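S.K.: Residue strings, one per chain:
Protein chains: 2
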Amino acid sequence: MKPINVGLLGIGTVGGGTWTVLTRNQEEITRRAGRPIQITAVADRDTARATELTGGKVKVTGDAFEVVRDPNIDIVVELIGGYTIAKELVLEAIANGKHVVTANKALLAVHGQEIFAAAQAKGVMVAFEAAVAGGIPIIKAVREGLTANRIEWVAGIINGTTNYILSEMRDKGLTFADALADAQRLGYAEADPTFDIEGVDAAHKITLLSSIAFGIPVQFERAHIEGITKLTADDIRYAEELGYRIKLLGITKRKADGFELRVHPTLIPAKRLIANVEGVMNAVLVKGDAVGATLYYGRGAGAEPTASAVIADLVDVTRLHTADPEHRVPHLAFRADQLSDTPILPIGEIDSAYYLRLRVLDKPGVLADITRILADQGISIDAMLQKEPSEGEHQANIIILTHVTREKNVDAAIARIEALASTVGSVTRLRLEELIG
Amino acid sequence: MKPINVGLLGIGTVGGGTWTVLTRNQEEITRRAGRPIQITAVADRDTARATELTGGKVKVTGDAFEVVRDPNIDIVVELIGGYTIAKELVLEAIANGKHVVTANKALLAVHGQEIFAAAQAKGVMVAFEAAVAGGIPIIKAVREGLTANRIEWVAGIINGTTNYILSEMRDKGLTFADALADAQRLGYAEADPTFDIEGVDAAHKITLLSSIAFGIPVQFERAHIEGITKLTADDIRYAEELGYRIKLLGITKRKADGFELRVHPTLIPAKRLIANVEGVMNAVLVKGDAVGATLYYGRGAGAEPTASAVIADLVDVTRLHTADPEHRVPHLAFRADQLSDTPILPIGEIDSAYYLRLRVLDKPGVLADITRILADQGISIDAMLQKEPSEGEHQANIIILTHVTREKNVDAAIARIEALASTVGSVTRLRLEELIG
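Residue numbers (our numbering), protein chains in the order written: chain A, 153 to 589; chain B, 153 to 589.
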């Protein structure tokens, strides 16, 4: 059968991996897909390197628009990243009737509605397995493997950089700054790590998972995002003492009146499988009403793991390339005309358990004031830990774990606690999830 | 759009779950599939119960052949189990041009080649996500999610009954017989538990995984199968002391000259995520050359988890119902004309590390004899544990962990060790896998 011609936009880490794996496993991939899948054009700013990598076997250009306009290209693989030029290229590829495979979570989380609508109108596919959790086939699992279920929630370790930093902070008692420096030295964090450590990358990914889990439009702008930069080694240690680990989770939940969509450091029970996902590994826990909790674990980044996802999409698209669009899986798991307009809830309206750390003057009545305030706000206490002051100090650390409550109640309680004369500085607040399957 | 009509053969545990979930989640499933999926006929020996369960809303019959011959039925769901009548029904459904969804691992592991060939010839689909690991979408993950990869091996906890028994033996120090009795009392083991405890059920499942991982025909008759009935609480404890857990694993591996296909109790490092899969839960670890190791975890049995997989297949089949067969995923992941005839290796030709437990007379020179025999057979020792004899006893337990070696070498060494005058009884041999991702 006629080969499928792929145009590759960007042959950096993931693009290079895609070239390598497609070449190395060509025979097996062809046995599966039914026809050869071949990269016939590559666009990269560094044309010399692109030519070297591809051994002079394919057309190499510095102008990506040449590739998306090339009538011989069936599928465009977009691995440039970012919102601007990548968006123009993807939209032009779609307009030219080409299918698109992309790893660009930022682009889809922010401009997904526009891109999917354009693809729908043109009758082409936009596949994005590589955009979430690298090589783990999590998009396919949620979008196709769990279609029987009303999904209740998804919680994932979907950023390897921050999971590496948190693992190092816990294992070695490092500060955030030192662990970040280690990660940068080892190539696990970029020179400008902002998107990772501030939770933005994880928020892009959980936004996409939220859409395919619940059948709602992509709404990155509604996500609540907190990174790990303010996390202290103390909090990690106190959590440990209480039987919890702290992970940066992307969380999305179905509630009666809307959906929760949030990224933040989260205490989870140390005995959960997902609490033991260490280093740069990723894992996503999905709770469906029929299946219960299922977990998907693997490498969330890197050249070949991400290429694995890109190529899986290429095989899927190759199979359905000439099929009637109705035979294809909808971009966001639910038919485009069947997306729900149930809103994403503001962060004050979420329900969670909480970890509160307070520094207080070590004198009588302090605890009574605090517990009174919590009771007033309808917050019940699950566990408390008082760390004795060091000798000569007249302050103590108090750690409180609450039962599940509405976040705005906690906001109000924290404001009142911070206003107490006996409270020193501000209250550290972390969220806690039991993740019961 | 016109609804898809499903005929359900067997409305027991899984059939009942399928009815319940399809009914409860009808709206979401329709939003995904693009058209209603409805059960319009049910066959069950107990027609009264079937009528009651379905509320008198569908045709109920005691004759399953009526359903597979019903011209209004688009998809037949076979949940009867077993090899005889189920095979006839599936083949007749196929002959009548109906797609088939089945949870019947035994049928497909033994008669898969005949059934898939018939389906291929007739241009219909036979979907079997529910046949392996219940609600975990592992068939989809391997068959579609990892298509970029040359799969190197698959190792899975794919029988909940035995995993429950092993968890209980370890946690509570129970004997196999007592743990089995507990499992039966709780409904985790059947009255006749043979298929589970002897490893046959796990072998059916790993046989199917082997085919879709490597693109080879279904060859259950070549699988090497050992159950957990001979496992002692001592072995579990000694393994623990050495840093390992014992799990019943289905294992299939790619080797230079063939494939390994085996089920047996296996020592795995306690720190691996999969070693911490407890109770009736299932988990499958898949190693691909590009993606590395990925893990899939969830409920491997039960009404609604299994129904989740059945219905996911129904949605897939509904989407591709009228599509050209070339747009569909091949039954065994690789195109039917592209299956490989590379053989399954006999058990003597596999490579593994080993746990050996010997009872020896407590006198000088014994260890020298044993280590000499191992060295003669080219087997190197990774760790050794000598358990001091109880007071008054003149025997000792010796536990040896070997490095990876060819199994036939271990067979030869065991025969020679058992022939020593100082060896008491037979040598206990378990296999050990590091499962490095």
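Please note that a few of the clues may not be correct.
Unchecked claim - Sample of chain A residues at the chain B side, in silico, Cβ under 10 Å: (1) Arg295; (2) Ile463; (3) Ile499.
Rather than coming from a laboratory, the hints here were simulated on the basis of the structure. Because the structure is a prediction, the values reported are computed rather than measured. The C-beta atom is built at its ideal place from N, Cα and C for all residues, glycine as well.
S.K.: Could you tell me which of the numbered hints above are not met by this structure, giving the numbers in increasing order?
M.R.: Hint 3 contradicted; others consistent.
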